[in-house]
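Enquirer: Each chain is listed here by its residues.
2 protein chains.
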Amino acid sequence: MTEVHIIGSGETKFGEMWDRSLRELAVEAGLKAVEDAGIYSRDIGILYGSSSLAGTLNLQNDIGSLLADFSGIASNGIPAVRIESSSSSGAAAVREAYLAIRSGEYDVAMVGGVEKMTDIYGSEILDIVGTTLDREWETFFGGTPAAMAAISARKYMHDFKVGKEAMSMISVNDHANASKNPNAHYRNKITLEAAMKSTPVADPLNLMDCSPISDGAAALILASEKFARSVGKDGVRIKSSAIAQDYLALHSRDSIYTLNSTILAGKTAFEKAGLKHSDVSFVELHDSYSIYGLMELEDLGFCKKGKASELVMDDIGLTSSLPVNPSGGLKAKGNPMGATGVGQFVEGYLQIRGKAGERQVKNASTGLLHSMSGTGSTSVVHILGGA
Amino acid sequence: MTEVHIIGSGETKFGEMWDRSLRELAVEAGLKAVEDAGIYSRDIGILYGSSSLAGTLNLQNDIGSLLADFSGIASNGIPAVRIESSSSSGAAAVREAYLAIRSGEYDVAMVGGVEKMTDIYGSEILDIVGTTLDREWETFFGGTPAAMAAISARKYMHDFKVGKEAMSMISVNDHANASKNPNAHYRNKITLEAAMKSTPVADPLNLMDCSPISDGAAALILASEKFARSVGKDGVRIKSSAIAQDYLALHSRDSIYTLNSTILAGKTAFEKAGLKHSDVSFVELHDSYSIYGLMELEDLGFCKKGKASELVMDDIGLTSSLPVNPSGGLKAKGNPMGATGVGQFVEGYLQIRGKAGERQVKNASTGLLHSMSGTGSTSVVHILGGA
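Protein chains in written order, with the working numbering: chain A, 1 to 387; chain B, 388 to 774.
In isolation and in its complexed conformation, chain A is listed as follows:
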C-alpha cells in the first residue's frame, strides 16, 4: 500500500466575494494547486470535488463535472466525483482521494472544495445551512446549527461549571492567528472583553462564537509516494486518515456535549499513525461554534473531559505547547463549508514545510486536522507529517 503525499495546494481568499462565482473561485484554487505542485493537469488521475450546499444555495449540482470542466481536465476525460458530507465535505473528499491512491488505481488525485454562500440564488440562508441537520426532526421545528450548538454549550457550562470566557478565548485565538493569514475572512484581532460582549445569537453563544457565512475555495494535489518522489515533492504525507460516525440528530446522542465520532476517529488516527498526543505540533479544529473547540480538544484526547477551559485559558497561541488553529480557524479564517476541510490541509501543508509566514508554528513537524459535519454526525481526522 503506497503512502500518500501532498504535493501542492492552492486557496482563494475566504470572505464575502460578491463579484466571484462558485466556478471562478474553484478554478482559481485548482490552478494554484496545479502550479504549486509543478505538474501538468493531464497528470491528474481523478478529481474529488467537495461542496455541501451548491445544490441548495446555487442550484448547481454535479459539482464534480463542473470543476473538471472549468479547470480544463474534462477535455482529457479525467473523471470527477462530488463528495458531500456537510461541513466535513472537504476532509471526506481528501479521504476519498487518499483511498483512491491507496487502491493503486490512481497516482495523482486532485481535491477541490468550494462554497459560494453570499450573494446567491437561494434565500433563507439559515434554512439552507439547516439542510445539514436532520430536517424532519430538527430543522423543520426551527432548529438551526447555532441553536444546536447553544444547547450543547448551555449544558456543558452547567455540568462542568465553566464560564463563557473559555469559549470566547477560542475565538480570540482564532482572530489573533487570522490577523497573520492573508486569506482569512476576518483579519481583525479581538479582545476577550469584546468577544464576550458581542451581539447575542443563540444564548449563550454570541456573534463572536459563530463562524461566518463565507465564500471560498481550496484545492490540493495528492500523489502516491512514487509519483511524489519523481517530482521531488515527497515532503509532506498523510500519516493517517480516519472517519467515524454518530447519530445525525443531536437528541439521539449519548451526550450532547460529547462527540463520539470525534473520539473514535481521533483514536483511530493516532493508532494508525503510531503517534501520541505529545507528538502533535499543531491542531486545526472544526470550531464552527466556539463550544465545539472545547469539546473537540477533549474528545480528541488533548485533555480530560470538561477540562479544555484550563488548556484554552492557559495558552493555545502560536508559541504555546499546543498551537490551535494557526490558520485562524473556522471563526476567523472562515467557513465556506465545502472548502473548509480542504483549507485545513492547505494550512497543514504550509506549516509542515515552514511556509506559513507570520503565523508559522516553530518546528511544525506533525499536524492534526479535525473536521466534522453539522453538530458532529461525521468526524474526519487526519494526521500530517514530514516524509
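Among these hints, one or two may not hold up.
As the list claims (entries may be wrong) - Derived contacts from chain B toward chain A, CB cut-off under 7 Å, selection only: (1) Ser452; (2) Ala455; (3) Ser764.
Keep in mind that the hints were calculated from the coordinates and are not lab data. C-beta atoms are modelled at their ideal positions from N, C-alpha and C, and glycine is treated no differently.
Got chain A; can you put chain B on it based on the hints?
Expert: Chain B alone, transformed into the frame defined by chain A:
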C-alpha cells in the same frame, strides 16, 4: 489487490410513493440488502450514500449521516459519506466503495442510493432536475434535460437519416421488460404505435421517450474476496470499474450525439476486465431519454456510430443476442436519480445468479452496466461476472 464481490442487494419499488419519505425508502432497501447478504450490520465498514437531489428537493443534505443513522449503523460509529454525481451518483458511489475495498481499508462496504422526487418540499421539479446541467449556461436560459436530449436527437436523426421508430423501440423494449419486474415504476407494455404517438415533450421526444420522475431506493453490500468467501457469497464480482469525463455543458462537446465519456469509460472497462463485446450477456443502459439508448449502444462499441437503429429494430429483447435493460431501464423501471445506478447493480446481481424471475436472461454470465450524469458529462461503466 483484492477482487470485489457483490454479496447482497435490496431495492424498494420504484414509483410515485407519496406515503413514503426519503429515509423510509432508504432504510427499506438497506435492511433488505443486509438481510440478503446474511451479515450483521456491524460487519459493514463504511456506507456510501448516493442521492443527487436530496439537498435541493428535500432540503436534506448530509445524506450519508442520515442513512447511517436510520439504518442503525451510526450507533456503531460506522462512517458514511455521500456521493453526488447527478444521475450517475449511484454508480459513482459503487465505484467509491469498490476503491475503498481495493485500498485494503475496508472488507465490507454498503452502498445506499435514494431519491424522493414526488410530493416533495421543493417545487419546480424541472428547474430542480436542471441543477444537474450547467446552471449558468444551460438551465438559466431555459435548458432542461429533456430539451438537451431533444437537441441531440434532432441532429442524430438528421445526420444518420434515422426515423423516430428506433428511439421508440428503446421504450417499447423497456416497458416489455418492466412488465416482468415487480419493482418497476411502469409495468404496462406499450406498442410501437402508442410510443410514437404519445404526447410531445420536447420535439422529437415525446412522453414515451422520457424516463419518469420516480421515488425509490436501492442498496448493495460489497465485500473483499476474503470476506465474500468466508460467508459463502463469492458468486458475483465486479470484473471492472471505469469512470470518465466530458464537458458539463452540451455545447462544449465535440459532438452533441457522441458521448466521449462513455467511449472512454467503456473502452477502459472492457480492457480492465479482459473481455470483448461478444462476452456480454446483457446490458443495462442509462436511457434517461430514449435517444441516449441509441447513442450509448454505439459509444459502448456494440455497433458502429449511427447504426444502433438497426440493432434496436432487429431485436434487443430478453431472448436476443444482446438483451438491453432486462430491468425495464430508466424509462419503465424508473429513474429515482440517486438510486438508479445502484438499481442497475441489483438487476445485474439477480441476473448473474439466475434469480431474475420472469425476466431472467438465459445463461446470464456477464453484464455491462452503464450510468451517466445529466447529458453525459460523467460516465461510469462496470462489468459484472460470475466468480
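Enquirer: Compare the structure with the hints numbered earlier in the document and write down the numbers of the violated ones, lowest to highest.
Expert: As far as the earlier hints go, not one is violated by this structure.
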